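Participant: The primary structure of each chain is shown beneath.
2 protein chains.
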Amino acid sequence: MNDHKVFELGNLRLQCGMILPKAQLTYQAYGKLAADKSNVVLYPTSYGAQHMDTEWLIRPGGILDPERYFIVIPNMFGNGLSSSPSNIAEPYGMARFPAFSHWDNVQAQRRLLAEVFGVERLALVYGWSMGAQQALHWAAIFPDQVDNICAVCGSARTSPHNKVFLEGVRATLTADPAWQNGGFTARPVRGLRAMGRLYAGWAMSQAFYREGKHLELGFASLEDYLVRVWEANFLRRDGDDLLSMLATWYQSDISDNEIYQGDLAAALGAIKARAIIMPSRTDLYFTPEDSGAESVQMPNAVFRPIESIWGHRAGNPTDNTDDEAFLRNAVQALLTGGA
Amino acid sequence: MNDHKVFELGNLRLQCGMILPKAQLTYQAYGKLAADKSNVVLYPTSYGAQHMDTEWLIRPGGILDPERYFIVIPNMFGNGLSSSPSNIAEPYGMARFPAFSHWDNVQAQRRLLAEVFGVERLALVYGWSMGAQQALHWAAIFPDQVDNICAVCGSARTSPHNKVFLEGVRATLTADPAWQNGGFTARPVRGLRAMGRLYAGWAMSQAFYREGKHLELGFASLEDYLVRVWEANFLRRDGDDLLSMLATWYQSDISDNEIYQGDLAAALGAIKARAIIMPSRTDLYFTPEDSGAESVQMPNAVFRPIESIWGHRAGNPTDNTDDEAFLRNAVQALLTGGA
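First to last, the sequence lines map onto chains R and W. Under our numbering, residues 1 to 339 are what the first sequence spells out, in order. Under our numbering, residues 1 to 339 are what the second sequence spells out, in order.
Be a bit skeptical, because a hint or two may be false.
Stated by the list, open to error - Far from chain W by the CB rule (all over 10 Å, computed), these chain R residues:
| # | residue |
| --- | --- |
| 1 | D53 |
| 2 | L57 |
| 3 | I88 |
| 4 | G168 |
| 5 | D224 |
| 6 | R237 |
| 7 | L284 |
Claimed, not checked - So the derived list for chain R, only partly shown, Cβ under 10 Å to chain W, looks like this:
| # | residue |
| --- | --- |
| 8 | R170 |
| 9 | D176 |
| 10 | Q180 |
| 11 | W202 |
| 12 | Y209 |
What the hints assert, rightly or not - Label-pair distances were calculated between CB atoms; the ranges are:
| # | chain 1 | residue 1 | chain 2 | residue 2 | range |
| --- | --- | --- | --- | --- | --- |
| 13 | W | S221 | R | D263 | 13 to 23 Å |
| 14 | R | L215 | W | I19 | 29 to 39 Å |
| 15 | R | V6 | W | V296 | 53 to 63 Å |
| 16 | R | A220 | W | R96 | 24 to 34 Å |
| 17 | R | E289 | W | I19 | 29 to 39 Å |
Hints are computed from structural coordinates only; laboratory data are not their basis. Bear in mind that the values here come from a model prediction, so they are computed numbers and not experimental data. Glycine included, every Cβ here is placed at the ideal spot set by N, Cα and C.
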């Protein structure tokens, strides 16, 4: 499914005060838009992912059902399909790419929906990880346009420990020999592989490895799993793209904008959407404690942890039907008013 | 207190089948050996630590009291004081240093105690982290020579997730530009700094950062803490030394030897010492679940988690008097027979 579309944003003024020239938002749509436009689901992408990586959950009877809903996946800035360090013209190529925030991501997505589809109201914003950050930004920044959100393994504001985790990831990727004077001079293969190995410890829980789930998946050994899943996952991507999205993640805060001026409680309190907040019980960087503390400040939120040993990937269960069913049931409950 | 001594081991046959030429075990002793030699405490070192780093807990009224006990800190192979990649003559310098195990560490320590002090029996082996691994090796390999062990934030066999954590650390350090053809060609400053930042996320818990403990300690910001504590901690050390000890940690298994032939249950079951097994409730790589599963297989073990948000450092509480008191009480209970 590579027949994606490109929405031209023109010269886009970013929250950081820079202009992103000829900005592009690349997206894919699934299903049919209802005549009354009441069946729109927005499904933003996660860190390092492109819509081809995440669309597996869109299928009849799946978590997001294209027979009932019109589902749009907007590719996040920096992911290599929408405007990114790896695909933009100079003077903003590579490490010179201007900083973008989730404010910028959701403002661009709103324009896409309004200008291309005439859509002003969303039945659901669904997201995992950085996608959940975007879902929460939507609900806080456009409270009158979002009926429901499902925020899986994400947060409204990146927690201090989550930032330390990201510091380690960034330091590892930029330990690569190709990192010179604040930019990559070549493809950072060593750093990308190291980043994958590092991520393997953070993304999956202690219990996942204790119970040998990586072997149950068919991998011959721990090393086989580390190379074929985790090194491979980051080797697909561009180093500058990964750093740009990492900065967005690090700074993510639904209140860091002109509306809320840094008042997180006000931003959470302004969310009108019905919400299901679904951390994984064993997520090591988006912890259930952090999500719980945020959800009690949201007027219409239900806190529903995924009781899973799949760590952060409990929310992205490509190999894990128990967690998939749990997510599907949550979405159905939201969309049928029974959350 | 740098008046440490050197015990010459001669040409030491290692478990891996190699000879470590003119091997040295560097140690420091505190307090007085009783006439009946009944007051000996062995306190092996942890990852990257030298006896100067760990002796803070030896003081009158402290966790280990030198007015009552004769305390010996043996420096682990690879720590830069005992034989290590950074201090050995060719052909075994740097990355060519032969692999050593905790079997090798404890065998060398036993010779030190017997040949220098005439000591055959230990009142206590106390250790944190890799020190706890050595305490458990002592109890399993020399069951008739150890009365008590206190194993803090360690394990008898390195868990699968702990290995994944170590894979990330190793990949980060060796992402450094100086890593070429399986060895360092220069001091890996970038890799050591990255390793420090990475470690900061693993060693301290999510709650530690959530509650701002790093700021309570007097650091001006998260970045100040990352640089002055964590980058500084690893910049003190040699890259090859760190890799050599990391390999020992990775392979650590009290049953991986000629006695137990890989049968961990047999090794745990053979431990006669009274033991207190003290993981930290919030340790992210030596988890309480793993320690609990091991402790129930030890005939005379008490499982006593440290209820702390200091993560792995709950067991090394230089700044944390609550956890220090908990550890001191455990040691006193063991040594007075009241555990």
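Participant: Which of the listed hints are not met by the structure?
Facilitator: 4, 7 and 17
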